[in-house]
Amino acid sequence: MLSKKTLRPLARTDGLLSEEVDGELLVYDEDNVVACRLNGSAALVWRSCDGKRSVADLVAVLTEEVGELADEDLVMVALDTLADHDLIESGYQRRDAEASRFSRRRFIRRVGIAGAASIAVPVVAGMVPPVAAAATSGTYPYYIFLTARHQHS
Amino acid sequence: MFESFGLTAEVASDDREVFDSLPAALPPGWRPGRGEAVARFELFADGRITCDGDDVAHTETGSDATLQKLGAVMRHHLAEHAPGHVFIHAGVVCAGGTAIVIPGRSHSGKTTLVAALVRAGASYCSDEYAVVDAAGLIEPYPKPLSVRVPGAGLLGVPTPVPAPQIATQPIRAGLIVLTSYHAESQWSPKSLTRGEGAFALLEHTLAARSRPGAALRAVCQLSREASVISGRRGEASAVADALLAFTGESGSNQQFS
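In the order they appear, the protein sequences are chains X and D. Letter 132 of the first sequence, counting from 1, is numbered 132 in the numbering used here, and no numbers are missing. Letter 245 of the second sequence, counting from 1, is numbered 398 in the numbering used here, and no numbers are missing.
Honestly, the hints are just simulated from the structure, not real lab data. Remember, it's a predicted structure, so these values are computed and weren't measured experimentally. Any given hint could be a false lead.
Said to hold, decoys possible - Computed from the model, here is a short list of chain X residues facing chain D with C-beta under 10 Å:
| id | residue |
| --- | --- |
| 1 | L10 |
| 2 | S18 |
| 3 | C36 |
| 4 | N39 |
| 5 | I119 |
| 6 | V121 |
For every residue, glycine included, the Cβ atom is placed at its ideal position computed from N, Cα and C.
Given the sequences, and given the hints that come with them, work out the whole structure.
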């Protein structure tokens, strides 16, 4: 495991299509046939992962957007969530679930979970896009919120 | 041969009586086609329906459902393959100069809400697909409105809409409503982000896998200027009035037979 000081996460871009709406991103992963929605803070962190910025740099980027709510915990939670959805190419390895939960709890303890704080929490929602027939009939169980990288055979 | 939303197809039958009735099964907005057909549908006297030679459905011969099934097959094919358009399974009405888009699966109560909105004064655009063009506008797709009611079978009860109340022009989305019917539910929607709205639309987009780039563009364009609300609903009429009030067009409970 790299120390936080040496982490230089690089966002994955190969095999991905993305569209922005109001600061959020919809991403379609052609390799894994998965669609994701990145809320504003997750989108900002992902876009800023250029393989050069450190975690401290990412905190600074996020601070410009959400002010003092931004801290290292928030960035680490974002990176874990992005890595869960296979959106990090290199420079970061997802921590174990307990470490991620600890960061999230510590962030929430610090700022609370109401109002602006809840908006700042990075969210990446995943969905297996429907095959055409399912989009019409709803008979295929395609809508799955993913908690871990979803692989398709 | 017919053309609809840029797709040219031909339809045939070996049953003369059925053949004469085929226009009733054609997709909304169809017109006589020219040039080369890219799809061929056939309805046989034994009830088989084929698309490009492949069996895709079978119905009871002579039943009222035969043409309905053929129509559904053709509309679904169109929705997947119409060039330059993205089809999202949704009901759409127009009110206050914008469209109200209600995505949903079959049997989610979408058509009932569309009918209630039309009764309350909205213009009818579609009860099946929001057809999004390259500019992000929703094109009219006025399939005859038919509301499912208990005991009326799968075809539902035809619910004619007066011609002046049928949308004729492409329109931008102003409100996306994520809802489904739950008896006893009180309408108390919460606001969602446009990103959440776009993501929800993607769930109901036919080309989400086959043309993901176009699908993403369409759902984002559609959401870019729209409000997004979500909540369970009870009876449709009260919700319809609330939605029209939201768009600035108060419900008038106009009647249509």
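(message) Output the indices of the hints that this structure fails to meet, ascending.
(response) 1 and 6
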